[in-house]
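K.L.:
Residue numbers (my numbering), protein chains in the order written: chain W, 1 to 254; chain X, 1 to 296; chain F, 1 to 357.
Calculated from the structure, these hints are not laboratory results.
Glycine included, each C-beta is placed from N, C-alpha and C at the ideal position.
Careful: at least some of the hints might be erroneous.
Claimed, not checked - Within a straight-line C-alpha distance of at most 27 Å, the following computed DSSO-like cross-link-like pairs (lysine-lysine) qualify:
{"no.": "1", "chain 1": "F", "residue 1": "139", "chain 2": "W", "residue 2": "108"}
{"no.": "2", "chain 1": "F", "residue 1": "95", "chain 2": "W", "residue 2": "88"}
{"no.": "3", "chain 1": "W", "residue 1": "126", "chain 2": "F", "residue 2": "242"}
{"no.": "4", "chain 1": "W", "residue 1": "5", "chain 2": "W", "residue 2": "27"}
{"no.": "5", "chain 1": "W", "residue 1": "129", "chain 2": "F", "residue 2": "3"}
{"no.": "6", "chain 1": "X", "residue 1": "188", "chain 2": "F", "residue 2": "141"}
Unchecked claim - The calculated label-pair distances, taken between Cβ atoms and stated as ranges, are:
{"no.": "7", "chain 1": "W", "residue 1": "15", "chain 2": "X", "residue 2": "263", "range": "49 to 59 Å"}
{"no.": "8", "chain 1": "F", "residue 1": "125", "chain 2": "W", "residue 2": "209", "range": "28 to 38 Å"}
{"no.": "9", "chain 1": "F", "residue 1": "327", "chain 2": "X", "residue 2": "116", "range": "22 to 32 Å"}
{"no.": "10", "chain 1": "X", "residue 1": "181", "chain 2": "W", "residue 2": "85", "range": "25 to 35 Å"}
{"no.": "11", "chain 1": "F", "residue 1": "7", "chain 2": "W", "residue 2": "116", "range": "40 to 50 Å"}
{"no.": "12", "chain 1": "X", "residue 1": "175", "chain 2": "F", "residue 2": "241", "range": "23 to 33 Å"}
{"no.": "13", "chain 1": "X", "residue 1": "81", "chain 2": "W", "residue 2": "86", "range": "45 to 55 Å"}
{"no.": "14", "chain 1": "F", "residue 1": "327", "chain 2": "X", "residue 2": "70", "range": "48 to 58 Å"}
{"no.": "15", "chain 1": "X", "residue 1": "278", "chain 2": "F", "residue 2": "5", "range": "34 to 44 Å"}
Unchecked claim - Calculated from the model, a selection of chain F residues having no Cβ within reach of chain W, i.e. all distances over 12 Å:
{"no.": "16", "residue": "17"}
{"no.": "17", "residue": "24"}
{"no.": "18", "residue": "117"}
{"no.": "19", "residue": "120"}
{"no.": "20", "residue": "124"}
{"no.": "21", "residue": "140"}
{"no.": "22", "residue": "163"}
{"no.": "23", "residue": "164"}
{"no.": "24", "residue": "180"}
{"no.": "25", "residue": "185"}
{"no.": "26", "residue": "215"}
{"no.": "27", "residue": "230"}
{"no.": "28", "residue": "243"}
{"no.": "29", "residue": "266"}
{"no.": "30", "residue": "317"}
{"no.": "31", "residue": "323"}
Here's the letter readout for the chains.
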Amino acid sequence: MEFLKVNNLCRSFGGLKAVNDVSFTLKENTIKAIIGPNGAGKTTLFNLISGFTPLNQGEVFFNDNPIHGLQPYQIAANGISRTFQNLKLFPGMTVLENVMIGRHTHSKSEFLSGMLNLPWTWAEEKKIKKDSLEIMDYLGIADHAGTDATSLAYGQQRIVELARAMACEPKLLLLDEPAAGLNMRETADMAKLITRIRDRGITVLLVEHDMSLVMNISDEILVLCYGEKIADDAPLAVQQNDEVIRVYLGEDDA
Amino acid sequence: MNIELFSQYLVAGLTYGIIYSIVAIGFNIIYNTTGIINFAQGEFVMIGGMTAVTLYNFMPMPLAIAAAVIITMIIGALIEIVFIRWLVSPSVLRMIIITIGISIITREIALHVWDEKVRALPYFTGTAVTSISIGGVHISPQVIWVVGICTLVVLVLNFFFSYTLLGKQMRACSSNRNAARLCGISAKNMVTLSFVLSAGIGALAGCIVSPITYVQYDSGTGLAIKGFTVAVLGGLGNSMAAVAAGIILGVLESFSIWIMPTAFKDAISISILLLILFVRPGGIFGNKEALSLKEF
Amino acid sequence: MKKTRHLQILILIVTVISIQLLTQATDTSYYLTQLTMSAYYSLVIIGLSLVMGYAGQISIGHAGFFAIGGYMSALLTTHNLLPYKDSTFVLILSKAGLLVSRQDLYGTDLLTVHPWVSCILAIVITIVIAYVIGGPVLKLKGHYLAMATLGFGIIIFRIVLGSSIFGEADGLSDVPAFALLPGIEVSGKMPVRVLNYYIAWTMVVTGMVLLSNLVNSRIGRALRSIHGSEDAANAMGVNISKYKLHTFVLSAVFAAVAGVMLTHYNGGIGPSEASVMKSVRYVAIVAIGGMANLWGALIMGVLLNFLSLRGYFGSMDDAIFGGILIIIMLFAPNGLLRLEILGRLKKAKPKTGTEQA
Numbered sequence: 001m002e003f004l005k006v007n008n009l010c011r012s013f014g015g016l017k018a019v020n021d022v023s024f025t026l027k028e029n030t031i032k033a034i035i036g037p038n039g040a041g042k043t044t045l046f047n048l049i050s051g052f053t054p055l056n057q058g059e060v061f062f063n064d065n066p067i068h069g070l071q072p073y074q075i076a077a078n079g080i081s082r083t084f085q086n087l088k089l090f091p092g093m094t095v096l097e098n099v100m101i102g103r104h105t106h107s108k109s110e111f112l113s114g115m116l117n118l119p120w121t122w123a124e125e126k127k128i129k130k131d132s133l134e135i136m137d138y139l140g141i142a143d144h145a146g147t148d149a150t151s152l153a154y155g156q157q158r159i160v161e162l163a164r165a166m167a168c169e170p171k172l173l174l175l176d177e178p179a180a181g182l183n184m185r186e187t188a189d190m191a192k193l194i195t196r197i198r199d200r201g202i203t204v205l206l207v208e209h210d211m212s213l214v215m216n217i218s219d220e221i222l223v224l225c226y227g228e229k230i231a232d233d234a235p236l237a238v239q240q241n242d243e244v245i246r247v248y249l250g251e252d253d254a
Numbered sequence: 001m002n003i004e005l006f007s008q009y010l011v012a013g014l015t016y017g018i019i020y021s022i023v024a025i026g027f028n029i030i031y032n033t034t035g036i037i038n039f040a041q042g043e044f045v046m047i048g049g050m051t052a053v054t055l056y057n058f059m060p061m062p063l064a065i066a067a068a069v070i071i072t073m074i075i076g077a078l079i080e081i082v083f084i085r086w087l088v089s090p091s092v093l094r095m096i097i098i099t100i101g102i103s104i105i106t107r108e109i110a111l112h113v114w115d116e117k118v119r120a121l122p123y124f125t126g127t128a129v130t131s132i133s134i135g136g137v138h139i140s141p142q143v144i145w146v147v148g149i150c151t152l153v154v155l156v157l158n159f160f161f162s163y164t165l166l167g168k169q170m171r172a173c174s175s176n177r178n179a180a181r182l183c184g185i186s187a188k189n190m191v192t193l194s195f196v197l198s199a200g201i202g203a204l205a206g207c208i209v210s211p212i213t214y215v216q217y218d219s220g221t222g223l224a225i226k227g228f229t230v231a232v233l234g235g236l237g238n239s240m241a242a243v244a245a246g247i248i249l250g251v252l253e254s255f256s257i258w259i260m261p262t263a264f265k266d267a268i269s270i271s272i273l274l275l276i277l278f279v280r281p282g283g284i285f286g287n288k289e290a291l292s293l294k295e296f
Numbered sequence: 001m002k003k004t005r006h007l008q009i010l011i012l013i014v015t016v017i018s019i020q021l022l023t024q025a026t027d028t029s030y031y032l033t034q035l036t037m038s039a040y041y042s043l044v045i046i047g048l049s050l051v052m053g054y055a056g057q058i059s060i061g062h063a064g065f066f067a068i069g070g071y072m073s074a075l076l077t078t079h080n081l082l083p084y085k086d087s088t089f090v091l092i093l094s095k096a097g098l099l100v101s102r103q104d105l106y107g108t109d110l111l112t113v114h115p116w117v118s119c120i121l122a123i124v125i126t127i128v129i130a131y132v133i134g135g136p137v138l139k140l141k142g143h144y145l146a147m148a149t150l151g152f153g154i155i156i157f158r159i160v161l162g163s164s165i166f167g168e169a170d171g172l173s174d175v176p177a178f179a180l181l182p183g184i185e186v187s188g189k190m191p192v193r194v195l196n197y198y199i200a201w202t203m204v205v206t207g208m209v210l211l212s213n214l215v216n217s218r219i220g221r222a223l224r225s226i227h228g229s230e231d232a233a234n235a236m237g238v239n240i241s242k243y244k245l246h247t248f249v250l251s252a253v254f255a256a257v258a259g260v261m262l263t264h265y266n267g268g269i270g271p272s273e274a275s276v277m278k279s280v281r282y283v284a285i286v287a288i289g290g291m292a293n294l295w296g297a298l299i300m301g302v303l304l305n306f307l308s309l310r311g312y313f314g315s316m317d318d319a320i321f322g323g324i325l326i327i328i329m330l331f332a333p334n335g336l337l338r339l340e341i342l343g344r345l346k347k348a349k350p351k352t353g354t355e356q357a
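In isolation and in its complexed conformation, chain W is listed as follows (with noise of 0.2 Å):
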């Protein structure tokens, strides 16, 4: 049984392959990075695995079982959460409530017991709240519990973000650049952050430009060029892979 399994996607808007035949495997309890160069199709690929985007062909499985073609919510209920490279907290809500939303899936008052209040919604809510709190206690921010999460600092509101994807309790967490607008030693801690939260048992794929945060932390290395998957190992077999360094690290004078 493979944990997640991707089979061949493809994507293309108008004549563009965005992505093309990409497939690729990922293991229980590992860190697994997507990188590539500018326009090589790591946020579509992302996409299209959480069903953001809809592929024109290939399949996704997690667990074995198919989740392509499936809404986003529904992938997210799967146990697939996902963050998002420019922040999408809900303005207008603390950061408690935006991790709240996180628990959203492991709790099912709905409209007729919320307008009713019933009692045992009460134990719900209480229960919503005190596991969001000890994720963002495990975070690091609890005390800004009751801050407007937009007006936090930027690396915080990454933080947050991190957070409500991990009160989904995912078995699977999607990164899309955890890094990007971060410090060098705020990028330093998110590593740290992203190795605990693989240590607590969730696998973590990412998408990452910040190369001394991939190489450090992964344990498998997708890269894409132009929509095509050239390389997929180790991290210290990609950096000796010569394709790689052709079409990337050469590029990037590294």
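Once you've looked at the hints, dock chains X and F against the given chain W.
P.N.:
Okay, now just chains X and F, sitting in the frame of chain W:
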């Protein structure tokens, strides 16, 4: 169904359809430069018609119409400057509510300036009963006026947007506002201009149809809905397709009277609107890909 | 949180009772008629506030749902079934106790549907229509959504205006009183004026309790998240289209209930209740109240409807609502009762012009 009656309905449908197209083009001009649907578009038509009728008491008709168009253009500019120009990237919801508010206020002011009475300009040539026979079909000369002037408007607009500097600047703003600004085009002035242009076209339409359809302080809303239907049918922003879509809607509506009571005529065109929105929000001539690139 | 909620409801109840006592003491109980009507209109408005403020969707067609409720119950409780009394269908209905016999104003015998049955039917029909319309409509965004809901409202308006069964321009009248329980009847008759004031306000209080519970629940949080960022809500497992649709239907039910009750109270309903201007007025009041602010919507709903019903706006009625709408949207898009303007002045200094749509 006899041929005679059939062609009468066809001509009536065509006439209304062309009017709808003109209103739709008014929508499109503003939409293209601002991304706003101006819910007060129908009011321009009403103001144009009402003003022309009033001015006709003092001056010859061509002059009255010209003056009415210019007055409406000024009103259009004022509306833009007072209500829209200074808003910093307002949300769509806010813009919708503001233009609805403008439409209500305009209508109420019209009610107080004029009254509830139905008005009309006289037929441009001949009278209500004059008719020209073309191939056995009797057509009122006013229909020829409507078709002729509207065709002219469409051609002039087309020329304006394709060949004049100002027209090109407006188009530049619609395709990429920031780039246009970098080229030294004042995006804000272009928006004002688009309101002026669209008010003028609406007013002209209001003048030339008033002998056939009459105008009243509240006739704007109905026209706005029809115009929007046509604009959507043709694909928002696409003025040439709007003409075709307008004729289709006009004719469909005209023939709907055969099977449905007249009271439901409006309900039919709105049902068509809903149907299009549900099935093909990009319009019958538009494509989905292009639609997804547009912001709402 | 919970405590303030209870306090708010308590204040509402106390206010309702004090106003009634005040009118009694000052012998101005004629105000109660308009206050009762305003209460029913407020039901529509708080429902719409849920759709606009919490789910972030505009509906310029809610007068349509009000009219569906009102017209359905008016039709069923006034349409004489006596000519068909021998048909099996009518026989079954009357055996089941769903029909009542009464006399109209001129003493003619009538056989009509029982108000309770018509009320339930009206609500069921509203739910069905709201689901059918809401499904595809709520997939639309921005201008398209606004126009589609506006279109829906106009279709309902045209149908009631153009159908002889709905009385065309005259509407339906001679709608009987609605006995909720024996002795408690919804009607505009003088002797039951105080009773009806309390019936109406009991419904508003109930509505406020239900909705303020809802917005403070898991669903309310999910709705606000949809309003904040649809993508992020989706990624968190929130079924956006389902929640939008349910909210829409819920608010349609509020509107329909208001329609049913007010029609019995007024003894009739006319096409103006379905007009675009009514829908716009509801939107205006929600906007003034501050979109995501049930209490703001309620206060403004009662206040403005009361003033309008008492005729304070005269012939400027529509103009005033249009004007308020523009001014609020230009200067205080988050509503009057939020004092957002003050807040923004404070914020404006450190943050420079980054307002994004």
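K.L.:
Now, for every hint given, state plainly whether the structure supports it.
P.N.:
Cross-check of the supplied hints:
1. F/139 x W/108: Holds, because 24 Å separates the two Cα atoms, which is no more than 27 Å.
2. F/95 x W/88: violated, 60 Å
3. W/126 x F/242: Judged against 27 Å, a Cα distance of about 25 Å means the pair holds.
4. W/5 x W/27: With Cα atoms ~9 Å apart, residue 5 of chain W and residue 27 of chain W stay inside 27 Å; holds.
5. W/129 x F/3: holds, 17 Å
6. X/188 x F/141: holds, 26 Å
7. W/15 x X/263: 49 to 59 Å: holds, 51 Å
8. F/125 x W/209: 28 to 38 Å: Violated - the Cβ-Cβ distance for residue 125 of chain F and residue 209 of chain W, about 56 Å, lies outside 28 to 38 Å.
9. F/327 x X/116: 22 to 32 Å: holds, 26 Å
10. X/181 x W/85: 25 to 35 Å: holds, 27 Å
11. F/7 x W/116: 40 to 50 Å: violated, 20 Å
12. X/175 x F/241: 23 to 33 Å: holds, 32 Å
13. X/81 x W/86: 45 to 55 Å: violated, 34 Å
14. F/327 x X/70: 48 to 58 Å: 29 Å Cβ-Cβ, so the 48 to 58 Å window is violated.
15. X/278 x F/5: 34 to 44 Å: The hint (34 to 44 Å, Cβ to Cβ) holds, given that residue 278 of chain X and residue 5 of chain F are roughly 39 Å apart.
16. 17: Consistent with the label, residue 17 of chain F stays out of reach of chain W, its closest Cβ about 23 Å off (over 12 Å).
17. 24: The assertion about residue 24 of chain F holds, with a minimum of 33 Å to chain W.
18. 117: Non-interface label stands for residue 117 of chain F: nearest chain W Cβ at 23 Å, farther than 12 Å.
19. 120: holds, 17 Å
20. 124: holds, 16 Å
21. 140: holds, 18 Å
22. 163: The claim holds: residue 163 of chain F sits with its nearest Cβ about 33 Å from chain W, beyond 12 Å.
23. 164: holds, 38 Å
24. 180: Correct as stated: the minimum Cβ-Cβ distance to chain W is 20 Å, above 12 Å.
25. 185: holds, 27 Å
26. 215: violated, 9 Å
27. 230: violated, 9 Å
28. 243: Since the minimum Cβ distance to chain W is about 9 Å, residue 243 of chain F lies within 12 Å and the statement is violated.
29. 266: holds, 28 Å
30. 317: Per Cβ check, residue 317 of chain F is outside 12 Å of chain W; nearest 34 Å; holds.
31. 323: Consistent with the label, residue 323 of chain F stays out of reach of chain W, its closest Cβ about 28 Å off (over 12 Å).
Figure legend: structure checked against the earlier numbered hints; hints not met, in rising order: 2, 8, 11, 13, 14, 26, 27, 28.
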